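A.B. asks: Listed here are the chains, written in short residue letters.
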Amino acid sequence: NAGVMQNPRHLVRRRGQEARLRCSPMKGHSHVYWYRQLPEEGLKFMVYLQKENIIDESGMPKERFSAEFPKEGPSILRIQQVVRGDSAAYFCASSPPSAGSNTEAFFGQGTRLTVV
Amino acid sequence: AQSVSQHNHHVILSEAASLELGCNYSYGGTVNLFWYVQYPGQHLQLLLKYFSGDPLVKGIKGFEAEFIKSKFSFNLRKPSVQWSDTAEYFCAVNALNFGNEKLTFGTGTRLTIIP
Numbered sequence: 001n002a003g004v005m006q007n008p009r010h011l012v013r014r015r016g017q018e019a020r021l022r023c024s025p026m027k028g029h030s031h032v033y034w035y036r037q038l039p040e041e042g043l044k045f046m047v048y049l050q051k052e053n054i055i056d057e058s059g060m061p062k063e064r065f066s067a068e069f070p071k072e073g074p075s076i077l078r079i080q081q082v083v084r085g086d087s088a089a090y091f092c093a094s095s096p097p098s099a100g101s102n103t104e105a106f107f108g109q110g111t112r113l114t115v116v
Numbered sequence: 001a002q003s004v005s006q007h008n009h010h011v012i013l014s015e016a017a018s019l020e021l022g023c024n025y026s027y028g029g030t031v032n033l034f035w036y037v038q039y040p041g042q043h044l045q046l047l048l049k050y051f052s053g054d055p056l057v058k059g060i061k062g063f064e065a066e067f068i069k070s071k072f073s074f075n076l077r078k079p080s081v082q083w084s085d086t087a088e089y090f091c092a093v094n095a096l097n098f099g100n101e102k103l104t105f106g107t108g109t110r111l112t113i114i115p
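Chains A and B supply the protein sequences, listed in that same order. Quick note: the first sequence uses the numbering used here, first residue 1, plus one each step. Quick note: the second sequence uses the numbering used here, first residue 1, plus one each step.
Hints should not be assumed to be uniformly reliable.
What the hints assert, rightly or not - Residues from chain A that face chain B, not an exhaustive set, calculated with beta carbons under 8 angstroms: (1) Y33; (2) E41; (3) G42; (4) L43; (5) Y48; (6) D56; (7) S95; (8) E104; (9) A105; (10) F107; (11) Q109.
Hints are computed from structural coordinates only; laboratory data are not their basis. Model, not experiment: these values are computed from the prediction. Just so it is clear, CB atoms sit at the ideal spot from N, CA and C, and this is done for glycine as well.
Could you build the full structure based on these sequences and the hints that come with them?
C.D. replies: Spelled out as structure tokens, the structure:
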């Protein structure tokens, strides 16, 4: 059972370009979470998705950022018109469907985005 | 909204020293608690977790943590550290909201072990 797969591992974009980050959850997991880790800081929650639904986007910047988790394929975090401040490590986590909340999320290796 | 505080930003220890990293959270309801470790250039790995039951939780690599509800704390301990424990350690909280495993992280503690 492969873990959470994120690609690319490293992504360099010029200011104004678009960045697309992909996350394939673990097999059997239907919940996906995106987190951002800025230099010298902890991880900050961005968005929580289930298949074809955004459940909680309270941590997403209001502009330029969007996320989706289609019925087929990986979850995508999209950043339009990137700026230097978007440079960070973006981590995806997945968890199985659960009746309660006594489950844990498994993290991918992250995508390190550098905006030049 | 919940928050997590890790007061030690950088800890430096010699090998074989004992370790305790502090973690306090603020949330009035029931929580799940986690400690993650991030080795340089790698992803987060779960060290241990507390959901319910015995407040003293044992994790991997000889780590343990104690949940003290009255103090809103979940400190991480290891009796004798090794050079390979050099990493960043994150405490995280999930306020129980059925079906939503959103985590709130502390800012992390960087642990450096001197051989």
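A.B. asks: Confirm or reject each hint.
C.D. replies: Hints and how they fare:
1. Y33: 6 angstroms, holds
2. E41: This interface hint holds because 6 angstroms falls under the 8 angstroms limit.
3. G42: 4 angstroms, holds
4. L43: With Cβ-Cβ at 5 angstroms, under 8 angstroms, it holds.
5. Y48: 6 angstroms, holds
6. D56: 6 angstroms, holds
7. S95: 5 angstroms, holds
8. E104: 6 angstroms, holds
9. A105: 5 angstroms, holds
10. F107: 4 angstroms, holds
11. Q109: At 4 angstroms from the nearest chain B Cβ, A:Q109 passes the 8 angstroms test, so the hint holds.
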